[in-house]
Amino acid sequence: MAESGKIDPMHQFAIEPMFGTDHLAIGGYNIAFTNSALWMVATVVVLWLFMLGGMKRELIPGRWQVAVETMTGFIDNLLTANVGPAGKKFVPYVFSLFMFILIANLLGMLPLGLVGLHPFTFTSHFTATGVLAIMSFAIVLIVGFWKHGFHFFSLFVPHGTPLPMIPFIFLIELVSFLVRPFSLGLRLFVAMTAGHVLLKVLAGFVINSANAGAGFGLTVGLSSFALMIGISALEMLVAVIQAYVFALLTSLYINDAVNLH
Amino acid sequence: MDAEAAKLIGAGLAAIGAGMAALGVGNVFGSFLESALRNPGAADGQQGRLFIGFAAAELLGLLAFVVSMILIFVA
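Line by line, the protein sequences are chains A and B.
Position 220 of the first sequence, counting from 1, maps to 220 under our numbering, and the rest follow consecutively.
Position 29 of the second sequence, counting from 1, maps to 29 under our numbering, and the rest follow consecutively.
Some hints here could point you the wrong way.
Quick list of simulated restraints, FRET-style, between CB atoms [what the hints assert, rightly or not]:
1) A:Ala32 x B:Gly19: 39 to 49 angstroms
2) B:Leu23 x A:Ala81: 22 to 32 angstroms
3) A:Leu117 x B:Ser31: 35 to 45 angstroms
4) B:Leu50 x A:Ile15: 31 to 41 angstroms
5) B:Ala6 x A:Met236: 33 to 43 angstroms
6) A:Asn30 x B:Gly26: 36 to 46 angstroms
7) A:Asp76 x B:Phe29: 20 to 30 angstroms
8) A:Gly20 x B:Gly30: 49 to 59 angstroms
9) B:Gly30 x A:Gly113: 34 to 44 angstroms
10) A:Ile172 x B:Ala18: 21 to 31 angstroms
11) A:Leu260 x B:Leu50: 22 to 32 angstroms
12) B:Leu23 x A:Arg57: 40 to 50 angstroms
13) B:Gly19 x A:Asn77: 31 to 41 angstroms
14) B:Ser31 x A:Gly116: 45 to 55 angstroms
Derived from the structure by calculation, the hints contain no laboratory data.
The C-beta atom is built at its ideal place from N, Cα and C for all residues, glycine as well.
Given the sequences, and given the hints that come with them, work out the whole structure.
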């Protein structure tokens, strides 16, 4: 099912243990080093190199330093605009989150399959994005209760709510608050999954139509290939937008925790 | 009706949600452009809200995708 000929568009999401660590376990839990973990390490290495090149603190910045300072300044502005002066403290977290997701999304788009090295987009797994979302949510809860104590619950009752409406509004606001980590993680995961499935389905069209003969190959195959190029460009945009949206929503939730309403 | 056929029909119907999300996302950016061209000075300050609206509209389309994927692969 859901196959185009012999090409299975879901195979790219298979998690496989690497380097013979299939049965590595701690306390009965398998901790094999998977392709997902490998690409997380690759993401961290790329991010580390990117930052290393731009943290020389020269008075007259070179190109690399300008690139790094643009990114940090961007997140700094985002937090100042959404949280206010108290947002400065959260710049390291939101910046790490943004760059990690951005680089992970972009690394997953690299056409390394041509040289036999298949990129794995770990942001297309709910386990990875869910943990990132839970981290953001945990920070919101910890900061909220730390700063405001049980007064944090006033977040669920907007100002000027009529007395008889308070129980209902409280319940609705509570549910919408508790759904946040799911919607945050789900958005990133599904956006990446959907784009990659779409690209692989189109790639399946190209291969199967070329196999079906020159007529099909030139009509269906070439038009699918042109569409793939366009959708790859769109996916680059989605990779950036989803990382931005994740950082933006995290900063909005932090704003709720820091400033209540 | 065969249960397998019903699943596939349901997955196909979930694709309607993707089209509806397309309307929503188009409406978000369309309205933004419409008002941004009337008052370009205020446009840059509203980009955060633009992307919040985009994210909210897009999430519902992505949920439709999740529903169809669950119907095909899980249910």
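The hints, checked one at a time:
In this structure the supplied range 39 to 49 angstroms holds for Ala32 (chain A) paired with Gly19 (chain B), their Cβ-Cβ distance being about 41 angstroms. The supplied range of 22 to 32 angstroms is met by Leu23 (chain B) and Ala81 (chain A), whose beta-carbon atoms lie about 29 angstroms from each other. Taking 35 to 45 angstroms as the suggested C-beta distance range, the pair Leu117 (chain A) and Ser31 (chain B) conforms, at roughly 44 angstroms. Roughly 36 angstroms separates the CB atoms of Leu50 (chain B) and Ile15 (chain A), a value that falls within the hinted 31 to 41 angstroms.
Taking the beta carbon of each, Ala6 (chain B) and Met236 (chain A) are about 38 angstroms apart, inside 33 to 43 angstroms as hinted. Taken as a hint, the range 36 to 46 angstroms holds for the pair Asn30 (chain A) and Gly26 (chain B), whose Cβ atoms sit roughly 45 angstroms apart. Restraint check, Asp76 (chain A) to Phe29 (chain B): a C-beta distance of roughly 26 angstroms satisfies the suggested window 20 to 30 angstroms. A hinted range of 49 to 59 angstroms holds for the C-beta pair Gly20 (chain A) and Gly30 (chain B), which are about 54 angstroms apart.
Separated by about 37 angstroms at the C-beta atoms, Gly30 (chain B) and Gly113 (chain A) satisfy the suggested range of 34 to 44 angstroms. At roughly 27 angstroms, the beta-carbon separation of Ile172 (chain A) and Ala18 (chain B) lies within the given 21 to 31 angstroms, and the hint holds. A hinted range of 22 to 32 angstroms holds for the C-beta pair Leu260 (chain A) and Leu50 (chain B), which are about 25 angstroms apart. The hinted range of 40 to 50 angstroms is satisfied by Leu23 (chain B) and Arg57 (chain A), whose Cβ atoms lie roughly 49 angstroms apart.
Taken as a hint, the range 31 to 41 angstroms holds for the pair Gly19 (chain B) and Asn77 (chain A), whose Cβ atoms sit roughly 35 angstroms apart. One distance hint, 45 to 55 angstroms for the beta-carbon pair Ser31 (chain B) and Gly116 (chain A), holds here, with the actual separation near 47 angstroms.
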